[in-house]
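*Asks:* Now for the letters of each chain:
Protein chains: 2
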Amino acid sequence: MAISYPGFSFDITHRDPAGSKARIGTLSTPHGAIQTPNFIFCGTKAAIKGLTTEQMRDEKTDIILANTYHLMIQPGADLVAKLGGLHKMMNWHGPMLTDSGGYQIFAMGHGSVADEVKGRRTTTREKTLLKITEEGATFRSYTNGEKLFLTPEKSIDIQRKLGPDFVVQLDECTPFHVDRKYTARSMKMSHRWGDRSLTAFKEFGGISANGLPQAMYGIVQGGVYPDLRKESAEIVANQDFFATAVGGCLGATREQMHDVVGMAMAHVHPTRPVHLLGIGGIVDIFEGVALGIDTFDCVSPTRIARHGWALAPGVKGERLNMRNARFKDDDTPIDAECGCYACRTASRGYIHHLLKAEEMLGMQLLTMHNVHTMNRLMRDIRAAIITGTLAEARRKWVWQAGDSE
Amino acid sequence: MAISYPGFSFDITHRDPAGSKARIGTLSTPHGAIQTPNFIFCGTKAAIKGLTTEQMRDEKTDIILANTYHLMIQPGADLVAKLGGLHKMMNWHGPMLTDSGGYQIFAMGHGSVADEVKGRRTTTREKTLLKITEEGATFRSYTNGEKLFLTPEKSIDIQRKLGPDFVVQLDECTPFHVDRKYTARSMKMSHRWGDRSLTAFKEFGGISANGLPQAMYGIVQGGVYPDLRKESAEIVANQDFFATAVGGCLGATREQMHDVVGMAMAHVHPTRPVHLLGIGGIVDIFEGVALGIDTFDCVSPTRIARHGWALAPGVKGERLNMRNARFKDDDTPIDAECGCYACRTASRGYIHHLLKAEEMLGMQLLTMHNVHTMNRLMRDIRAAIITGTLAEARRKWVWQAGDSE
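Going down the list, the sequences are from chains A and B. So for the first sequence, my numbering puts the first residue at 18; every next one is plus one. So for the second sequence, my numbering puts the first residue at 18; every next one is plus one.
Errors might be hidden in some of the hints.
Given that identical chains are not distinguished, each listed pair holds provided it fits within a single copy or across any two copies.
Subject to a maximum C-alpha distance of 25 angstroms in a straight line, what follows is the list of computed BS3-like cross-link-like pairs (lysine-lysine) [unchecked claim]: (1) Lys164 / Lys345; (2) Lys164 / Lys373; (3) Lys333 / Lys345; (4) Lys66 / Lys373; (5) Lys247 / Lys205; (6) Lys373 / Lys99.
These are calculated hints, taken from the structure and not from any lab test.
Isolated chain A (complex conformation) (with noise of 0.2 angstroms):
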């Protein structure tokens, strides 16, 4: 029996003119609908670092997640769930996602997690991953080191207790320096477990703790092989998922990257959104929404604010570091044309004196700073899509050789 997902619906309402796989989606949840191509910002712990709910909103975010593995730790979904669930505790009551736990679990058993997806590093495995299996995945706690145990049922569950919109299937997060073989063997295993994850979803009813319906994505592996993101792809089309995510290994490279994403979106379910795993730099998610992709995750943006860096439209690496002592006496706000809280009210020179001093407000106005530009950005996407102009908005937002720097 096929799954109806009451309350959730998504609507391709535009696609590029120019030609490219863009499209605009309206997608609704029990918490309101938003527009997509969107960028999804992280609460990794039931929060965004360093800003309220509400400073979220007033920087215009549609949608954020969560992360399984780091809220079963701690505190723990039963606690979250006797709390009244993510959008109560948090106060966000806007759609939000929560992944599966494997990402981290695997990541954090392999190394960094950006580096493993992005290939930048080989490792060995290290003792927090310590088995998988058909059954499901043994690892250490990263506050105590007690030994757990996560399977695609048991994912589904803490979900279902934590109570977002989107839920995620469990998937082996394959690293870079695995062989075609392994890669094969594992994604047939990750489909396993979302059938699992499907099933047990369908067992409780896809509502959750608090009594609102959730909806499920499924994710599109394969490593960086062609016929394997293909046969994956369509797998996926076939369960009976509301979403696709595509996850895995991306490359070693940016251009690979690109070219693995393709890959995937040849073959996903035409009408179903897309979610693109862990991508935030400003030409990847250009390329990413010529490819179809609908929506994107990365901690980057609130990540690199906490550093000093400052994402801005056409500038060189995409960011401006705020630490930088050209910015000392300058009475200019970062972006003049940006309208987040801190362009409207701080200027570079205090920002600098404020990261320079460790003030925690000088991470807190870049974070709104990124939160506001990543959606602004997209902002700027879904309007170039309608009126077939992503190539001057990507030409708006990527710096190229012969810009100034």
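Dock chain B against chain A, hints included.
*Replies:* Using the frame of chain A, we list chain B on its own:
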């Protein structure tokens, strides 16, 4: 020639009908008027740690301060002036005070400021305070060890550039362990520094670098000695200050502090506003208000928030430790009657989780709560002065033996 302090006034509008020396005043500045008694929050390095100035206003804050000592070192007074002065730089448009820098120079030379003022520790002089002479104080920068020299004239010039409404004369903040002879000699030098501060202030016309008038506080010293406190208060009352601050060593115990403040208050200028430096405990504020103190400042409300403590009326020790496991699954707000952003949107259980997870947001929510609570305390106190019910207000706010814990 007397200083006129244009743009400033202090009008005592009510006195406690129940007989204490408590009073209500309207303290007017070029950045607006506030009602007293009131509490001044510490924005040490030109930032309230963890909150935007908009959030400070949302939590009903009337007045803040910044520290000359920190700002003269980083980013420097000239740079603050170049960025438009403290009000513009910080986006704070209400009344503001800077201190003279002396407090930190001497306290960091002698050990912890609070410990010294409150007599909790005797230390020998450390290296940061190198020399005190009639001319001024030589000390080392806390950032790079550079040798710096601060005189009364330099302090006034720095505060002119920083541009707050209220400036404070340089004084020697005598430590607890010095004897009566040292205290008397130091007090007299501080008053000569007061004269020099007033002369310097008159020379630049009492107008800040950004063109607005400023008003100056003189400081009453005299340690724990009644005759010295009397002499000091009378000297300051006869100097041409706009307002009075009570500083220096206030004794070894809470009781002695109340005695020492009383010694000074019997002799201060009767119609000038009086500030009590560095005191912010709830019971201390009730004591100070009853002695006629108009304003208080202390890092405590915002500092303890960052360590996980929530101020609350009628609670033993004046605060709740939100890291305590008993709050783990508590879905009620810190204080249902509070009305701050944290109490409107977050449960104790969520705040407990954020603190355990080391999320900045936990500190931020508690800072909002403590700021709001101090402002609510001061509103309650002002209302109680008018109705002669300070004893009842104190009974509500201050825990006493026999109350539940």
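*Asks:* State for each hint whether it applies.
*Replies:* Status of the hints after comparison with the structure:
1. Lys164 / Lys345: between (49 angstroms within a copy, 23 angstroms between copies)
2. Lys164 / Lys373: So Lys164 and Lys373 pass the 25 angstroms test across copies only (20 angstroms; inside, 41 angstroms).
3. Lys333 / Lys345: within (20 angstroms within a copy, 46 angstroms between copies)
4. Lys66 / Lys373: both (19 angstroms within a copy, 14 angstroms between copies)
5. Lys247 / Lys205: within (13 angstroms within a copy, 87 angstroms between copies)
6. Lys373 / Lys99: between (41 angstroms within a copy, 17 angstroms between copies)
Checked against the numbered hints given earlier, the structure satisfies every one of them.
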